[in-house]
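Start from chain A and add chain B according to the hints.
2 protein chains.
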Amino acid sequence: MLNKEQITEWFKLLQDKICTALENEDGKGKFIEDNWIREEGGGGRTRILQDGNVIEKGGVLFSAVHGKVPNFLAKEDVSNGEESFYATGVSIVIHPQSPMVPIIHMNIRYFEMTNGKWWFGGGIDLTPHYVNKEDGHFFHSYLKQACDKHDSNYYLQFKKWADDYFFIPHRNETRGIGGIFFDKLTATQTVTKEQLFAFVQEVGNAFAPIYTSLMAKNKSTSFTESNKQWQLLRRGRYVEFNLVYDKGTKFGLETNGRTESILMSLPSNASWLYNYMPQNNTSEHETLSLLKKNISWV
Amino acid sequence: MLNKEQITEWFKLLQDKICTALENEDGKGKFIEDNWIREEGGGGRTRILQDGNVIEKGGVLFSAVHGKVPNFLAKEDVSNGEESFYATGVSIVIHPQSPMVPIIHMNIRYFEMTNGKWWFGGGIDLTPHYVNKEDGHFFHSYLKQACDKHDSNYYLQFKKWADDYFFIPHRNETRGIGGIFFDKLTATQTVTKEQLFAFVQEVGNAFAPIYTSLMAKNKSTSFTESNKQWQLLRRGRYVEFNLVYDKGTKFGLETNGRTESILMSLPSNASWLYNYMPQNNTSEHETLSLLKKNISWV
Numbered sequence: 001m002l003n004k005e006q007i008t009e010w011f012k013l014l015q016d017k018i019c020t021a022l023e024n025e026d027g028k029g030k031f032i033e034d035n036w037i038r039e040e041g042g043g044g045r046t047r048i049l050q051d052g053n054v055i056e057k058g059g060v061l062f063s064a065v066h067g068k069v070p071n072f073l074a075k076e077d078v079s080n081g082e083e084s085f086y087a088t089g090v091s092i093v094i095h096p097q098s099p100m101v102p103i104i105h106m107n108i109r110y111f112e113m114t115n116g117k118w119w120f121g122g123g124i125d126l127t128p129h130y131v132n133k134e135d136g137h138f139f140h141s142y143l144k145q146a147c148d149k150h151d152s153n154y155y156l157q158f159k160k161w162a163d164d165y166f167f168i169p170h171r172n173e174t175r176g177i178g179g180i181f182f183d184k185l186t187a188t189q190t191v192t193k194e195q196l197f198a199f200v201q202e203v204g205n206a207f208a209p210i211y212t213s214l215m216a217k218n219k220s221t222s223f224t225e226s227n228k229q230w231q232l233l234r235r236g237r238y239v240e241f242n243l244v245y246d247k248g249t250k251f252g253l254e255t256n257g258r259t260e261s262i263l264m265s266l267p268s269n270a271s272w273l274y275n276y277m278p279q280n281n282t283s284e285h286e287t288l289s290l291l292k293k294n295i296s297w298v
Numbered sequence: 001m002l003n004k005e006q007i008t009e010w011f012k013l014l015q016d017k018i019c020t021a022l023e024n025e026d027g028k029g030k031f032i033e034d035n036w037i038r039e040e041g042g043g044g045r046t047r048i049l050q051d052g053n054v055i056e057k058g059g060v061l062f063s064a065v066h067g068k069v070p071n072f073l074a075k076e077d078v079s080n081g082e083e084s085f086y087a088t089g090v091s092i093v094i095h096p097q098s099p100m101v102p103i104i105h106m107n108i109r110y111f112e113m114t115n116g117k118w119w120f121g122g123g124i125d126l127t128p129h130y131v132n133k134e135d136g137h138f139f140h141s142y143l144k145q146a147c148d149k150h151d152s153n154y155y156l157q158f159k160k161w162a163d164d165y166f167f168i169p170h171r172n173e174t175r176g177i178g179g180i181f182f183d184k185l186t187a188t189q190t191v192t193k194e195q196l197f198a199f200v201q202e203v204g205n206a207f208a209p210i211y212t213s214l215m216a217k218n219k220s221t222s223f224t225e226s227n228k229q230w231q232l233l234r235r236g237r238y239v240e241f242n243l244v245y246d247k248g249t250k251f252g253l254e255t256n257g258r259t260e261s262i263l264m265s266l267p268s269n270a271s272w273l274y275n276y277m278p279q280n281n282t283s284e285h286e287t288l289s290l291l292k293k294n295i296s297w298v
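These protein sequence lines map, in sequence, to chains A and B.
Read left to right, the first sequence gives residues 1 to 298 (this note's numbering).
Read left to right, the second sequence gives residues 1 to 298 (this note's numbering).
Heads up, the list lumps identical chains together, so a pair's fine if it works in one copy or across two of them.
When the alpha-carbon atoms are kept at most 35 Å apart in a straight line, the in silico DSBU-like pairs for lysine-lysine are as follows:
(1) K4 with K68
(2) K292 with K68
(3) K292 with K250
(4) K30 with K12
(5) K250 with K68
(6) K292 with K133
(7) K184 with K250
Simulated from the structure, these hints should not be mistaken for lab results.
Note that the structure is a prediction, hence the values are computed from the model and not measured.
Just chain A, same shape as in the assembly (with noise of 0.2 Å):
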């Protein structure tokens, strides 16, 4: 039986894996590390790597921590606040210096409680600051192809999650083009934990291959000033959704994580003009159509 070991053993290697694989793709930046203990059981290991030649700022960060259960589960009525727990997953993000290649996210993440519930969630969206059809049928392509391998209706279930979740009510606009999410995957009649695991196993696999690809494919297209702008623009959306809704940065900052990890997804600069709208026939503005939900990318 799949036990929590293995899979956190797992996960670190695959952090190696993908520094190792963004290190070569970038041919500069090196990943710095930083070690942490969380005072009230476990840690992680931090990987940030900083002014590369393709990423300017990312983060590959594998953490696993435990003790009593945070409140927020008690709420959720999985817990009867008494238990402990074990988390284990990794999470990327990586802000890319050129405004032409997307900026990415993927996280895969394992939970126990000692009262025997477990589950996995994760996913992996993309960020474009321009919108590039291609890049997008691309990416969608390559998670339900992932997808399509274990079930057949992982791919529009877990597409149609992430267009709920990545989504910034207050500009009613998506992150970006989506991708796949999943939470709270466990076992049931017709799905074994080993079957779940390989779920898991073949979205973190998947993340090395697609952004070592678009940041191939995108890295020696040529920009300008304003181009550079915009990027500067979404970029601040990017800090709106982190900061206003995403989970997981609300969960890390409330328990009291470690800062420095869970804002390493905040970009090394971010713009917000007042009021600013992009002239029509720009793609820019062809850009913000497209964030949207329900856009089929495959």
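Here is chain B on its own, set in the frame of chain A:
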């Protein structure tokens, strides 16, 4: 008896006076005005100045809105959810060009319900990029004098409230050097509505002389690229406070307020570097040591 129309009218005039004072001291920037209408009732007059000599991005906002009482007040047990409300206020955030000029925020507001409940709230607080004891003394002494004219307990009480409110738990830092903050001030056996309004007017009238003095005193101080980089990091903290903790921002976004007016508080640009810590014996390090509660500035 003082009514909401009189309060509203005074708030509008205050907006005018403050905009004129800021434009005069800036010497270049001009406020642009957007009038907006709230679907559920009322609206506002948003005035924004961008790219001035001294002010990089500043907003001086007036609004007067009404309608069915929002849910959050029903939760706070001051409403049965059936009443109508009327709320009016002036809100200001100024981000200066120079790291040597502090960021400032002011808000004064009046709220009433058809069930007869009403109150005033507001405050002013200062966020220097570099904390300067002389400016801190000037700022707090001005506020103390303004408070003392009305009630000898106000300053200490409202200064503590500001220390507690303008605090970033995940950084264990105050946002800046505080100021005064107050809410739900209503008539008692010892204070009338007219007296409370006179205090709120005192606070509103204090804004322009305080901030134009700080602009004039600091705008010509020279600075380096490294001071500018520090300013961007401090602005990052300002963004974190406003998006994660500020109740006005949360309330505005949750109640479908005008996003561009609510988020005028965000700076033109801001920066996040992973785990940046200033060296000992630098003015940046000194500033961090002064971002604490319970410092006596007067």
